[in-house]
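Undergrad: As a plain string of letters, each chain reads:
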Amino acid sequence: MSSEYLIEFVDVWKKYAMHHLHHRSLREDIVSIFKKDSGETLKNTEFWALQRINLSVRRGECIGLYGPNGSGKSTILKIIAAVTRPSRGDVTVRGRVAPLIELGAGFHPDLSGRENIYLNGAIVGMSLKEIKNKIDEIIEFSELSDFIEMPVKKYSSGMYLRLGFSVAVHSSADILLMDEILAVGDARFQKKCLDKIRQLKPNRCMVLVSHSLQMLSDFADAIIYIEKGQIKEG
Amino acid sequence: MTTMAFFRRLYEYRDLLLVFVWREFLVRYRQTLLGLVWVLAQPLSMMALFIFIFSYVLKIKFGSVPPVLFYFSGLVPWLFFSTALNYAIPSLTNHHVLITKIYFPYEILPLSGISLAFIDYLIHMIFFMLLLVLYKVHLTWNVLWYPVLALQLLLFTFSIALFLSGLNVYYRDVKMATGFLIQLWFFASPVMYSIDNLDMKIKILLFANPLTFIIENMRRCLFEGRGVIMDQMVLVTVFIVLLCWASYKYFLRIGRAFADVI
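Chains as they are written, first to last, in the numbering used here: chain E, 1 to 234; chain L, 235 to 496.
You may find that some hints are simply not true.
To be verified - Straight line, CA to CA, 16 Å or less: simulated EDC-like cross-link-like pairs of lysine to aspartate or glutamate:
hint, chain 1, residue 1, chain 2, residue 2
1, E, K129, L, D430
2, E, K129, L, E246
3, E, K132, L, D249
Everything labelled a hint here was simulated from the structure, so no lab data went into it.
Taking the hints into account, I'd like the entire structure generated from these sequences.
TA: This is the structure in structure tokens:
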């Protein structure tokens, strides 16, 4: 069997509306509940966030997305995470996805570090049993064991990110999505994170978004340049 | 089919639901002095106020039912409904960061709000049962209707919460209207009054609100020892089940676009 593709995009297009939603009439919404938008054409305030995107990633592979702000990199991650649907084209995603975006997005400031590990672990798709088994490992990796019973609102921003990263990399998901998250903490901790990711790589499939070409070329098997929603060849 | 799919989705993400409920429960009473006492503070203070206004100032009587029981029996289901809506309606928009990044069945968010209100409800019920014993209320077998009515209340609350929380993603007007809507709904439900002595026309109008049926019959089967009227029961049940199905369908449909519009 040839190696399995965990992510496949075939001619994917995605459009977004520019206008604020309150201007849209209720009638239009209700109609769109029942009628499927064919998605072929643009209405006047819409634009294509992605056009003709084709890509595929195998297990053990890592691809890097590179391009200016607003070029559509995060939209691709959202489609892989099934948070949003493409307007056109086919997307196949096999396996569990853990989006490691905005570390600590699911944290609650009033809860302790330990409690937040449970919360964030569940959010990135870990079962309670899995979290219970890995919690010591997670705390150890974060190097926060002295502060783990403290509410995270008292954490420094570096500690916050460290805890978020530690939870995220202990998820057993097949597909890891990483949006500019590798700038975690000080240089030493950063190196530790990069080593951890390198260690995870063979069994996973990763999609990396970064503005650092250096970083991408270190990790990614292929770098995809995206500009104005389209893949630039070469 | 829909019901099966609903439970299957929920089962798959049960740990997440559990964690959300647990988080809200912890967070609510953290840094409070009185903690769980707050759960009873609301119904007790409202009951005291009703007794003062209606029994002392206006001197209204409800047959042989002691005012304490009369008001508490209305407040328990009402507070479940209103608390659940208050938690559930902003639950999706409060989590916009998660919704735009991570896929999970979004109904978990309003459901965790409802579950939290349900914990309060259980505490209120325990207190209510103590009151029933204390006042030596004579119960008949018709009390078995009570859990059926409670199940109706749960399903009705679920439907309204799902409908409004989803709509709130598109139109924040819903959140603006919540406080005022709940207040109106309170007066339209027989919490501090009984519909017994009203005109038939007004009765029918009030019965358009399923809470009227639920609360009135809860009192009927507890205090009067009588069962429900079957025709009404069937009608209300069919209505609530259809409402539940429709609002869940609608939620799934508009949920696909939540990340794009939130």
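Undergrad: Each hint needs a verdict: does it hold in this structure or not?
TA: For each hint, the structure was consulted:
With a C-alpha separation of about 53 Å, the suggested pair E/K129 and L/D430 falls outside the 16 Å cut-off, and the hint is violated. Pair hint E/K129 plus L/E246 holds up; C-alpha atoms about 14 Å apart against a cutoff of 16 Å. Between the alpha carbons of E/K132 and L/D249 the distance comes to roughly 12 Å, so the proposed pair stays at or under 16 Å and holds.
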